[in-house]
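Asks: If you're matching them up, the sequences are chains H and Z in order. Position 23 of the first sequence, counted from 1, bears residue number 23 in this note's numbering, the numbering being contiguous throughout. Position 122 of the second sequence, counted from 1, bears residue number 122 in this note's numbering, the numbering being contiguous throughout.
Hint data in this document are derived by calculation from the structure and do not stem from the laboratory. Just so it is clear, the structure is predicted and the values come from calculations on it, not from any experiment. Some clues are possibly wrong.
Distance condition first, Cα-Cα at most 16 angstroms in a straight line; then the derived EDC-like pairs of lysine to aspartate or glutamate [to be verified]: (1) Z:Lys191 to Z:Asp203; (2) Z:Lys168 to H:Asp203; (3) Z:Lys57 to H:Glu201; (4) H:Lys57 to Z:Asp21; (5) H:Lys168 to Z:Glu201.
Listing some non-contacts, in silico: residues in chain H with all C-beta distances to chain Z over 12 angstroms [said to hold, decoys possible]: (6) Ser71; (7) Arg78; (8) Asp80; (9) Glu86; (10) Ser89; (11) Thr150.
From the three backbone atoms N, C-alpha and C, an ideal C-beta is built for every residue, glycine too.
2 protein chains.
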Amino acid sequence: MTIELLEGLTTTRAIRRYTTDPVSEDHLSTMLFAATRAPTGSNRQAFRFVVLRSSPKAQEAKALLGSAFRSNWEAKRRADGYDETEPDSPTARVRRALQEFVDGFESIPVVVLPCILPRHGQLIDGASIYPACQNLLLAARALGYGGVLTGWHSSVEDQLKTLCSIPKAYSVAATIPIGVPKGNHGPVRRKPIQRLVFEDEWDQPAQWAMDPPGTRFTG
Amino acid sequence: MTIELLEGLTTTRAIRRYTTDPVSEDHLSTMLFAATRAPTGSNRQAFRFVVLRSSPKAQEAKALLGSAFRSNWEAKRRADGYDETEPDSPTARVRRALQEFVDGFESIPVVVLPCILPRHGQLIDGASIYPACQNLLLAARALGYGGVLTGWHSSVEDQLKTLCSIPKAYSVAATIPIGVPKGNHGPVRRKPIQRLVFEDEWDQPAQWAMDPPGTRFTG
Chain H
1 MTIELLEGLT TTRAIRRYTT DPVSEDHLST MLFAATRAPT GSNRQAFRFV VLRSSPKAQE
61 AKALLGSAFR SNWEAKRRAD GYDETEPDSP TARVRRALQE FVDGFESIPV VVLPCILPRH
121 GQLIDGASIY PACQNLLLAA RALGYGGVLT GWHSSVEDQL KTLCSIPKAY SVAATIPIGV
181 PKGNHGPVRR KPIQRLVFED EWDQPAQWAM DPPGTRFTG
Chain Z
1 MTIELLEGLT TTRAIRRYTT DPVSEDHLST MLFAATRAPT GSNRQAFRFV VLRSSPKAQE
61 AKALLGSAFR SNWEAKRRAD GYDETEPDSP TARVRRALQE FVDGFESIPV VVLPCILPRH
121 GQLIDGASIY PACQNLLLAA RALGYGGVLT GWHSSVEDQL KTLCSIPKAY SVAATIPIGV
181 PKGNHGPVRR KPIQRLVFED EWDQPAQWAM DPPGTRFTG
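With the rest of the complex left out, here is chain H:
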């Protein structure tokens, strides 16, 4: 069953809970091929992708990441008041999903580290790596998988680079775990489009921009 391009773009969710099903090498190759088809400045392709699966080295890197993810989540859980919500609320569901995500980090079948050689030391460097991250997530969705773009490796980036022999000059732009979703992909929730899309000037809503009927919004 194939998914249509527009449908894929609007229904790819951040997936943080995975079954124990493996990711096939064939599918992994297709995902990474799709990732590397994304644009980079002047097609310079100063991006590289380090894939972690189940080798001893991969397990060591995943353990380092897992410990960083658990610390990050612990801090976020307190700072954002995740514990003070009703058990049935959407926030409580997110809390449980995140807890499961960090607790089981080491068993996620695939973790991809997208790396980039920064050129400007500015925001625009991201234009040569995050489109590829999005392609990777979309390709995962096309093949029945799911993943999530996270920055929680940042506190252990130097150790991670040493461990995986990533040159000092490169930045690890994200950590992207991938697996078979326990939940489902489907329409994502955002703010009403009139608050996100302007014409000509800031805060001047684009009259033609409309959320399709049935769109659900973030609170």
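Starting from the known structure of chain H, fit chain Z onto it as the hints suggest.
Replies: What follows is chain Z alone, placed relative to chain H:
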């Protein structure tokens, strides 16, 4: 005719030459809807999209951008030796396309300015805006259009922000022109995947990563 997700990810080219055909408001709405479905850190959605079409304000902003693009191209053309190539070489074709792109910038039907409120002042801020830029380009491709992710607004970013009332705290992450391609989308050229995708450690090619038969490469 719809395009399949994986096919779209691997065949969306940077399009810099456009016909004079307009971009319909309905299609534009669909593209921006798709852009805003991309992930952002903690689903914070600190992204905004300013769309420029043909109003006097849009024309003023496009003229400012056009002049910056022409200066950038002039500098790049000299620095990268574009003038010293054989007339029939691929580089000469790129040179002609870029010249046409900057010369006619003001007549490109749609120019999108994706903006982001930076949170960390680091590369990771790009993870909350460039996936949306990629979704925008992929949605354009799905609907028969094409565009290109550029950073050539940077030299006039402050003037552009003043002109379009973009708050000082936001960054204009890119300039994305969109129109009906004069050329075609199709397979893109990249380095061999073995040079881009590693397993466990830097420079350790992932054995399972393979370019599909018929893949063409950059020089």
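Asks: It remains to establish, for every hint, whether it holds in the given structure.
Replies: Here is what the structure says about each hint:
no.: 1; hint: Z:Lys191 to Z:Asp203; in the structure: holds (14 angstroms)
no.: 2; hint: Z:Lys168 to H:Asp203; in the structure: holds (14 angstroms)
no.: 3; hint: Z:Lys57 to H:Glu201; in the structure: holds (8 angstroms)
no.: 4; hint: H:Lys57 to Z:Asp21; in the structure: violated (54 angstroms)
no.: 5; hint: H:Lys168 to Z:Glu201; in the structure: holds (13 angstroms)
no.: 6; hint: Ser71; in the structure: holds (17 angstroms)
no.: 7; hint: Arg78; in the structure: holds (15 angstroms)
no.: 8; hint: Asp80; in the structure: violated (8 angstroms)
no.: 9; hint: Glu86; in the structure: holds (20 angstroms)
no.: 10; hint: Ser89; in the structure: holds (15 angstroms)
no.: 11; hint: Thr150; in the structure: violated (9 angstroms)
When the structure is compared with the earlier hints, violations turn up for hints 4, 8, 11 and for no others.
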